[in-house]
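Each chain, letter by letter, is given below.
2 protein chains.
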Amino acid sequence: MCQLLGMNCNTPTDVRFSFSGFTQRAGKTGDHTDGWGIAFFEDKGLRHFVDHERAIDSPVAKLIREYPIRSKNVIAHIRKATQGVVSLENCHPFVRELWGHYWVFAHNGDLKNFSPKLHSHFQPVGSTDSEQAFCWLMQELSKSHARMPSIDELTITLRELAPGIAKHGTFNFLLSNGQALWAHASTHLYYIERKHPFMQAQLCDEDLKVNFASETTPDDKVAVVVTAPLTSNEEWTAFQSGELKVFVNGQARES
Amino acid sequence: MCQLLGMNCNTPTDVRFSFSGFTQRAGKTGDHTDGWGIAFFEDKGLRHFVDHERAIDSPVAKLIREYPIRSKNVIAHIRKATQGVVSLENCHPFVRELWGHYWVFAHNGDLKNFSPKLHSHFQPVGSTDSEQAFCWLMQELSKSHARMPSIDELTITLRELAPGIAKHGTFNFLLSNGQALWAHASTHLYYIERKHPFMQAQLCDEDLKVNFASETTPDDKVAVVVTAPLTSNEEWTAFQSGELKVFVNGQARES
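Taken in sequence, the protein lines are chains A and B. Under this note's numbering, residues 1 to 255 are what the first sequence spells out, in order. Under this note's numbering, residues 256 to 510 are what the second sequence spells out, in order.
Hints in this document: simulated from the structure, not taken from any laboratory. Ideal Cβ positions, reconstructed from N, Cα and C, are used throughout, including at glycine. One or more of the hints may lead you astray.
Some chain B residues near chain A, calculated using beta-carbon distances under 7 Å [what the hints assert, rightly or not]:
hint, residue
1, K299
2, Y357
3, Q378
4, G497
5, E498
Derived pair list, reagent style BS3-like, types lysine-lysine, alpha-carbon separation capped at 27 Å [claimed, not checked]:
hint, chain 1, residue 1, chain 2, residue 2
6, A, K117, B, K317
7, B, K464, A, K44
8, A, K44, B, K476
9, A, K112, B, K317
10, A, K80, B, K299
11, A, K62, B, K317
12, A, K117, B, K335
13, A, K62, B, K367
14, A, K221, A, K209
15, B, K398, A, K143
16, A, K44, B, K299
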């Protein structure tokens with residue numbers, strides 16, 4: 001299985017604290033060593049880094065831990081291969097363009113007997129069940145809407161589509177178009193919403209603390225979604241099985 | 256205007272020597288300082304780096320100059336904005352998926368009165384003429400072939416399509432699907448084919464020499480395509496205006 005990390009904020013925010021703890025699980029506190037990736041939106045633009053080395057000692061991951069890339073929407077993934085060989089084209093997150101926007105997707109789980117009909121313009125490049133699921137979601141979104149709909153309309157469509165894949169197995173996923181972060185849980189997914197007053201946080205996976213109060217302004221809002229809680233002194237909320245939440249401007253939108 | 260760098264090889268090859276000289280033009284020996292990007296194929300997988308900082312002092316470009324990523328097909332670009340603001344989404348190279356393969360495109364030039372009909376599944380994310388041209392090429396390729404055709408068939412189709420864009424202005428471009436590198440010139444484009452016996456080369460843009468003989472095996476073949484020759488002691492061949500060449504396994508395919 002793999003692990004997911006997502007961040008959605010109301011102001012471009014540095015993800016290095018969370019990413020540092022997360023990548024400890026790729027060789028040190030976990031065995032998710034079959035590649036990794038991260039994508040950062042900057043307005044409509046995207047920085048996308050994938051690597052089939054272990055995130056704990058990949059030179060590219062070292063750059064990400066050291067270079068403050070600020071973003072309002074980030075999706076990261078560390079891989080433990082279940083389907084598909086260890087190769088660059090099988091590293092999440094995956095990227096496609098739809099309606100003149102980039103879409104980013106990462107999946108944790110294992111889908112059985114899943115061979116969706118992909119008759120449209122989204123075809124997988126690699127051999128994972130995850131990329132097939134992403135291509136099918138993109139295809140069905142493009143069939144459901146002629147152009148980019150509102151975030152609420154997208155959430156309704158995704159809530160209709162996700163169960164069709166989730167019945168094939170474990171389908172925890174993160175999806176973003178740079179405006180919002182959608183998160184769906186079959187099994188393990190947790191989130192936290194950080195806002196004023198900000199406090200000190202202690203990573204679970206390494207001896208690192210950060211005082212968010214000194215890094216933020218009182219208006220900042222930051223939501224983090226992850227397979228297993230990243231900090232030991234904060235309250236993380238577990239997703240229900242089958243739940244799909246959307247995060248906009250650093251907080252979960254009420255449904 | 257911008258500058259282009261492409262490499263096509265018969266074995267995964269380190270592009271750092273050429274990239275180092277090329278990025279000197281992004282602030283030191285040239286003024287192409289409005290962003291840059293590079294894409295490396297690794298089999299079907301792709302590493303794609305873009306940055307709106309100057310390549311001469313971007314931390315990501317420093318990583319690329321220091322970390323030996325070996326690839327058979329590379330496309331790089333340094334930007335001097337003519338159309339479209341300086342932003343991440345306007346940095347070349349651009350990437351799309353077609354027929355289950357990634358396609359990478361970079362453009363040097365300026366297209367006037369160019370508003371192609373984009374009614375299919377390829378829409379620009381940014382605001383450049385270049386990304387519009389790429390989307391139109393992808394759309395027309397997907398209309399011309401139901402699945403991935405041979406390299407020779409693709410070359411024939413691209414030779415039919417390129418003049419339709421080139422009539423709008425300067426259309427020097429590089430395109431790759433990881434199997435071949437296509438290069439089209441309106442004005443400035445040069446190439447070199449390096450093979451056994453390999454010699455020493457001296458960069459034009461910085462005081463750096465490399466002895467390719469000590470870096471290669473006698474079977475290696477490497478073709479490099481660039482806006483202006485990178486080395487001072489080698490013979491570079493100029494493209495004719497309107498010429499489209501395809502490079503496969505490190506050499507130009509005869510047409």
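Cross-check of the supplied hints:
{"no.": "1", "hint": "K299", "result": "4 Å, holds"}
{"no.": "2", "hint": "Y357", "result": "6 Å, holds"}
{"no.": "3", "hint": "Q378", "result": "4 Å, holds"}
{"no.": "4", "hint": "G497", "result": "30 Å, violated"}
{"no.": "5", "hint": "E498", "result": "30 Å, violated"}
{"no.": "6", "hint": "A:K117 <-> B:K317", "result": "43 Å, violated"}
{"no.": "7", "hint": "B:K464 <-> A:K44", "result": "40 Å, violated"}
{"no.": "8", "hint": "A:K44 <-> B:K476", "result": "39 Å, violated"}
{"no.": "9", "hint": "A:K112 <-> B:K317", "result": "43 Å, violated"}
{"no.": "10", "hint": "A:K80 <-> B:K299", "result": "20 Å, holds"}
{"no.": "11", "hint": "A:K62 <-> B:K317", "result": "13 Å, holds"}
{"no.": "12", "hint": "A:K117 <-> B:K335", "result": "43 Å, violated"}
{"no.": "13", "hint": "A:K62 <-> B:K367", "result": "43 Å, violated"}
{"no.": "14", "hint": "A:K221 <-> A:K209", "result": "19 Å, holds"}
{"no.": "15", "hint": "B:K398 <-> A:K143", "result": "19 Å, holds"}
{"no.": "16", "hint": "A:K44 <-> B:K299", "result": "25 Å, holds"}
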